[in-house]
Every structure is written in C-alpha cells, then in structure tokens.
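Asks: The sequence shown begins at 0 in numbering that gives the first Met the number 0 and counts up one residue at a time.
Don't take every hint at face value.
DSS-like cross-link-like pairs, simulated, lysine-lysine; straight-line CA separation at most 27 Å [as the list claims (entries may be wrong)]:
1. K170 / K14
2. K730 / K614
3. K642 / K356
4. K335 / K285
5. K667 / K399
6. K614 / K690
7. K614 / K688
8. K721 / K690
9. K426 / K708
10. K426 / K585
11. K690 / K733
12. K733 / K667
13. K614 / K671
Rather than coming from a laboratory, the hints here were simulated on the basis of the structure.
Source: prediction; values computed, not measured.
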Amino acid sequence: MAFDSSQKCGSLWRKWDIQIQPIKNAWLPNLEKNKNAIKKATREYLQQATDAEMSVVAITDHNCGMAVDAALQIIEEEGCNIKVLPGVEIDTEIGYQLLIIFNPAYREAICKDTWEDAVEHFLNNICNLPSPVINMDGQAKSIGGDIHAVLTRICKEDIGVPVFAHCQSDKGLFKKATPARRQEYFNNYLQGKYYFALDHKSDESIEATKETIKGWGMDESKFAYVKSSDSHQASLSGSVFSWIKADPTFEGLRQIIYEPMERIRIQIEDPSLEYNKPYFSKINIKKQIGVFNRKDNQVYLSQNTLTLNKNLVTIIGGRGTGKSILIDYWASIFEKNISDEPERYSSKEDFCIEYAKDNVLNPSTEIYCGNGENYLDFIYIPQSQLKEVSQKDRIEEEVKQLLDLENLHFSQSLNSEIQSLLENINKLDSWFLEEDEKGRQWNQAEYIKVRRAKNEKLLLSITTQDNREKLKKYTDNISAIEEVKNSLRYLNDTSQKIVQTQRILNSNIDEINLRLSSITGSKKIESLSFKSQLASIEENIDLLGRQEEEKRDENEKIKADFEKEGFVGDLVSLLKNARMYQANIKDADQRLSVIEKKEEELQELLVKRNKLAFKFKDEYEKQKGKIDKSWRDILEKHEGAHKDLIERILLKDGRISVEGEIVFDQGKFYEKLLDIVDKRTYKDIGALKEKVGVSSFDDWVVFVNAELKNFLDSEDPSRSEKIMSVIFSPKERKDYLRTTPKIKYDSKNLDRLSAGQRGTVYLCLKLATHAFSKPIIFDQPEDDLDNQFIVNELIGIFRQLKYYRQIIIATHNANLVVNADAEQIIIADNVDEKLFYTSGSLENPAVINKVCNILEGGEEAFERRKNRYHLN
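I would like the entire structure built from these sequences, with the hints used as guidance.
Replies: So, in structure tokens, the structure goes:
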C-alpha cells in the first residue's frame, strides 16, 4: 500500500493558493522562444509562495500548461517544499473566466507527456477550441460551445475540479452572466449534473456571493468558496489564500466539493489552533513488543511511529488485525482498561505515548511509557463497556458521575444531628429502664412515688401530732449541720490555697525585683496581698461556726424537751428513724424532680425526632434540585457554537432529558418493617400497610412526623429500636428511599428503552458533560448503540465535536469513518501474529481502497458522502 510519509497523520490544515499565473501574455505567441524566461518566472513564483508558507499552489495560466511543466521540473531538480497542481484558466464566450484544476491522472489518460500538450488537448477536445489557442497578439482565445456541456464532461470524466474564477470581479460569473443564466449553474449543481468551486479575491466578495445564493432560496453552505491571489507577478504569489484541510494533492482539493463547510476556512490564523485542547500526538513503538503477559499465543506490536491527528482518528482492520489491541494496550499503561484480567498486558518501556498538553504551534508535551506509573485524564470506553454501564441498575450511578453528582449523599451534618438525637433518646430510654439489684426500675416515677408514700407512712407511724414538728425540725437541723460542715471544709481549703498561692507568687516577684534592681530606671513590682479575701473567708467561717452551734443547741433542746415530756422509748432510735424517713422522703422528692426533667427532655427530643421528617423532605428535595441544576448547567454554562453543539449532542428538542426524582420503594419499605414487627399483630404486608398507611414519599414524611411514636409504642423496645433504624439509619433508608436522576429518551423512561437506546443516552451524556476538554478513545461504539442514532446523529456529532476534543475510535462501521469525515485512518494488519499499523487520510486513494475492502458498506459510504451533495 502506497502512503506518502508526509501525509501519514491525515488531513491537515494547509495554505493553498489555487491561482498563480507565471506566463506573461507577451510570451504566449512564442512559448518555445520564451521557455527559459517562463521557467525563471515560475521559480520566482514558487519561491515567493514558499516564503508565504503556501503548501499548495495551482498554476492556471490562460490556455497554456508550460509553466506547470516548468514547476514540476524545478521541484524535481531543486526539491522545493511545495506542491503544484496543474491547471488552466479559460475564457467563456460570454466573458467570465473559469479555472480547471486538473486531475494529474488526466494527462496519463490522454497519453500526453507534458501539461503543455495536455492543456491544448483539453481545449481542443473538451472545450471545442481548435488550435492555435492563442491569438497572435498574445490574448488567449475564448472557448466556444455550451459551457454546461463542458462542465458536465469535466466532472463526469473526472478531468478535474472546475472553479469559477474571481466571481465578483469584472470577468467573474456574477458580473458577466445574466442572473437567470447564472442561477442555472447552481440548479445544475444541486441536481448533480456537475460541480464547481467559487473563487474570490476578498471576504466581502464571498459574502456577496452567499447573499445572492440565499436570495435564490438555496442553501449557501452546500457550495465551496475559496480565495486566491490570481497573481500575475511573483511578489503577489500566496498573498491571498485559502486554508484547506486535506492532503496537498488533487484528491485533497476534491474534498472541498464533498465537505465545503468542513474542509475550507477563509482566515489568516491557522484553523488547527483555533480551539485549545490537549491531544495524543504520537505513538512510538521503539521495537517489537509482546503484547500479553504470557508466552503462549503471543501477539506482537511491530516497531512503528504513528503521528496522530488532533481531530477524529479512526482505526480500522479486519477481525484479529489488532485494531482493539492497540488502543486497549494504550489505555492499559494509564490503568484505564477495565479488563477482568488487570495484569493481562505486558508493561514495556518501548511503548511510548506522546501527549500534547495544549494546542499551540509548539505545544508542551509529555512522554508516557509502558513501564511507568502513568496518570493522565482522558476518557476510554472499551469494547462492550457501553452495554455494561447501560444496564438499568448502573446507568443511574454513571449519570451521577457524569453530572458531577458523585457526592450526592445525604447531608453529613443532618446525619450527625440524627445520630446525636437518637443517641440521646436511647440514653434517656435506657436511663428510665435501669434496674436495681432486685430488678426494680428505680428511675420510674411510679416506683419513686411508692417509696415516698411508704416513708411518709413509716414517719407517721413513729410520730404523734405533738412531736411531729419537733422531729421535722430535728432532722432539718441535722441536714443543715451537714451543709454547714461541707461549706466550712470548702472555705478552709480555699483559704489554704490562697495563702500558698500568695507565698509562691510573692517569692517570684521578689526574685524578679532582685533582677530588676541592677537595671537603671526599672520599677519595683509590688507584692501581692489577699488580705481582704482571707478576712472575708474568716468572717464566713465564724458565721457558719455560729450557725452550726445554733443548730446543735436547738437539737439538744429538742432532746431535752422529749425527756422533760416523759417520752417513753428509745429516743435515740426514734430520732434516727425519723431522720432516715425524712431523708428518704426528701431524696424521693429530688428524684421525682429529676425524673420530671428527664421526661420533659425526652418529650422535647421525641418532638425533634418527629420533626426530622421535614428535614428529610428538605434534604431529599435539595438533592433533587442539585440534579436539576446540574442538568441545566450543561446547557447554560455554554454559549454560541458550544451551546449549539451541546444541544445537538443531546439530540435537540429535549429528546434526552434528566431531572431529579425522589424514589420511594414502597415494597422494600414494608418488607423491612414486616421482618421486625410482631407477626401476631401483622400477619402479612397487607395488614401492615393498612396500619401504617404509607404509599408515597409524602405519606412517609407524614408518618414519621405524626404516627411513628404511636407505632413504636405498640412494639416492644427491641423491635422499636430496629424500626427506628429502618427510618433513621442512612444505610437502611437508602434501600427504599433515594434521590436519583430520572432519565428520559424520546419521553420514554429507562425501563422502556432498548439496550442500544440506553447506550445512546449514556454516550450522549458522556460527550455532553466533557465536550470541550479531554480526549476520548472509544473501542467499537457501533456494537452497543442504536443504529439509527449512529446514522442520524452520532456522525454529525463527531463532525462537530472533533474540533473541540480529540476523538479516537476503533470501528468496523464505514459511516463513522467516511461520513464523519475522519481526518486520519489507521489501518491495522496482522501478519503471522505481528501487528502492523499504517495511516493516511480519507482522500488518499490507498486508504479509500482499504476502507472499501475492509469495512462492510465502505463503497456505499463513499457514495453516500458524494450523494449528500448530489454529486452522483
């Protein structure tokens, strides 16, 4: 297979000037005499065009091909870095001028050795212009006959590409021909009778032509508009040009007819640098590499260097030729492949990838080799991954990732609040259920009330109406004396600490003053004194001492009164028992007060727990809002052409839509409850549903807020705790309640879509969410996509998207190669388990032949590409 090494990286943007004319009119009557002058002039034109960075020029002298022969000779002899296409300019009978850029094969087909002879033959036989074709005054003769017939023969016989020269100039089509006759050419074009390009000298003239075409009700985008210098002096060669994305060949030029919108740019700046994007720039296989980590059945990557195109790269090959192996091995060095055998591939330092970090003239590059720890952010979709991720249970999670919603989890602060609240409720519940050594729940109010009543009765049993007040006074004094003792201990302890602290601090102050005494101007620090504090403490100690004494005296008097009144019995025991009963009553009152506060606290917590239902509702609705916002942002964060592309990727008119949905799985909710509740009360889910009455998320919120407490109270504590977990545990709750992206395609939910349609949805979302960033490598997308989507949508999406990101696909679908207008085709081949890769452009005849031979429907795809513009 013949590939020009300079064109292996596929179709590139190059500067073309398709109209330079080195031959002066004065030389035309006697070409042989002026042959050296023509060659000299041609050399000057070529040099100037080279200096102007032209890649291709077409030499289109009037009715003459001698300068073409001179140019080809110069290039062969001197190695000029420029391509020359043979051409001619002819004058029509009406007066407008037409360029024909010849197919190089035409000269061979008519058996002519020189382009001088070939041009004359063309004029004689196609244009019906007999020789001599030049007048004696040096003016080229106008052709006769029907120009429509001439155009038809040029196109049908593949003689060349016709170009209406300088359309808006005095000798241009839009000035010389009548409007009706002019329009006839365009009607014939659209009917497929012939084709042509439209040449201009300025941007303004191009716009004028487009406006005229639109005025006829035609789609102006179907025609090819170019600019050329029409230079008649060397200094102007390359001064006006067109950017054409193609090989610098006649077949490359032909692409502007097939793809006028894709292949031509009229601007000064290099179109390839228009959008900044990172891209893989080269694959370098330094020597033959064994692909697999095994000895048997080994396959080898042959030594090779592949320079990669920035836009759409397609890898084709027959079964077993290694088209998938190349990109899967490539992905493996970045740990991107998802094979069931992570150690499947060898790691070889001789397999290297060059990566350009930015799209500039001299980009910053990084080299990644197979034996390194490589980290690079790009998208790799292996063969069949679309099928796997498009399963209904996975696509929702995948879409969350695509929408940057991986962290769409329940609020951590709310979870912490719930956990803290439930822990506090459990602590209080446990506190109320605590038991003493005899198994009595001593933190229950009823139990304490019984104890209090018992001690009151005991107190009544040992006292009379007469001595009851005295006994109460006696026990109160005992309690007061204990409190005084505690206060005295605290005061004395505090006094000692103050004295000790004062001594330590004053010792430090004395030491500092000693140090300062030798420093002139220093100020002495006064010692500290807590005299007033210590005095106050002493006064309080005296006061409490007197109060203690008074209480003791009162109790002694009470004892004396009992004896004086002739109390019969054990006075010491009486006083002791009275004191004990009184203390028990007081303790009971204190415990009842604590229980009351604990009950109030528990009720407050239960109210808060029930109100969590509304916080749940808010949280789930926030999550739903985040999904909705992420979806809106896909479009709203882009403008202009970017927004148009995103809309196209999402299949326009809302064919793909995503919205947040709060999903309540009623069945799983009741299954969880039925596993817990008392089966004697609820024999089946039906009975449970009748009691709980929850059939939606809103019902669930009402239940948690208003009915949960009663439901829990109807179950024993162990079951209640498990039910609480079903409601409040994030792990349990997510089994039946979650927020998820609700995805629709053509208004149909995911569960109504085919696997191919689900794959389509996933791919569109993946492309839309990362449309203007990292490269994407895709292995055989057609296997898991809806075929109608490929034909009607994906091809068009790739045609636009490739300018904003590099797309590399291995495919056996001819339409993805041909009609997506791939810039580079890499052809895989397997010879004795050695994998070889060659590459070229879509306009390369050898590539065309391979595409047609390898890909089913290849020839039809090329025909479809032509027929899109009625070029049949």
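Asks: Does the alpha-carbon distance linking K335 and K285 stay inside the 27 Å limit?
Replies: holds (22 Å)
Asks: Please verify whether K721 and K690 have alpha carbons no more than 27 Å apart.
Replies: holds (18 Å)
Asks: Starting from K426, check that the Cα of K708 is at most 27 Å away, please.
Replies: holds (17 Å)
Asks: Starting from K690, check that the Cα of K733 is at most 27 Å away, please.
Replies: Within the cut-off at roughly 23 Å; holds.
Asks: Please verify whether K614 and K688 have alpha carbons no more than 27 Å apart.
Replies: Holds, because 24 Å separates the two Cα atoms, which is no more than 27 Å.
Asks: Need the status of pair K170, K14: alpha-carbon distance at most 27 Å?
Replies: holds (25 Å)
Asks: Is K733 within 27 Å of K667, Cα to Cα?
Replies: holds (10 Å)
Asks: Hinted pair, alpha-carbon criterion (27 Å max): K730, K614. Please report holds or violated.
Replies: Satisfied, since the Cα-Cα distance of roughly 17 Å is no more than 27 Å.
Asks: Are the Cα atoms of K614 and K671 separated by 27 Å or less?
Replies: At roughly 22 Å apart (the allowed maximum being 27 Å), K671 and K614 satisfy the hint.
Asks: Decide if the proposed pair is consistent with the structure: K667 and K399, CA atoms, cutoff 27 Å inclusive.
Replies: Cα-Cα ~23 Å, so holds.
Asks: Under the criterion that the straight-line Cα-Cα distance not exceed 27 Å, is the pair K642, K356 satisfied?
Replies: holds (24 Å)
Asks: With the threshold set at 27 Å, check whether the alpha-carbon distance from K614 to K690 stays at or below it.
Replies: Since the Cα atoms of K614 and K690 sit roughly 24 Å apart, the hinted pair holds (cutoff 27 Å).
Of the numbered hints given earlier, the model fails none.
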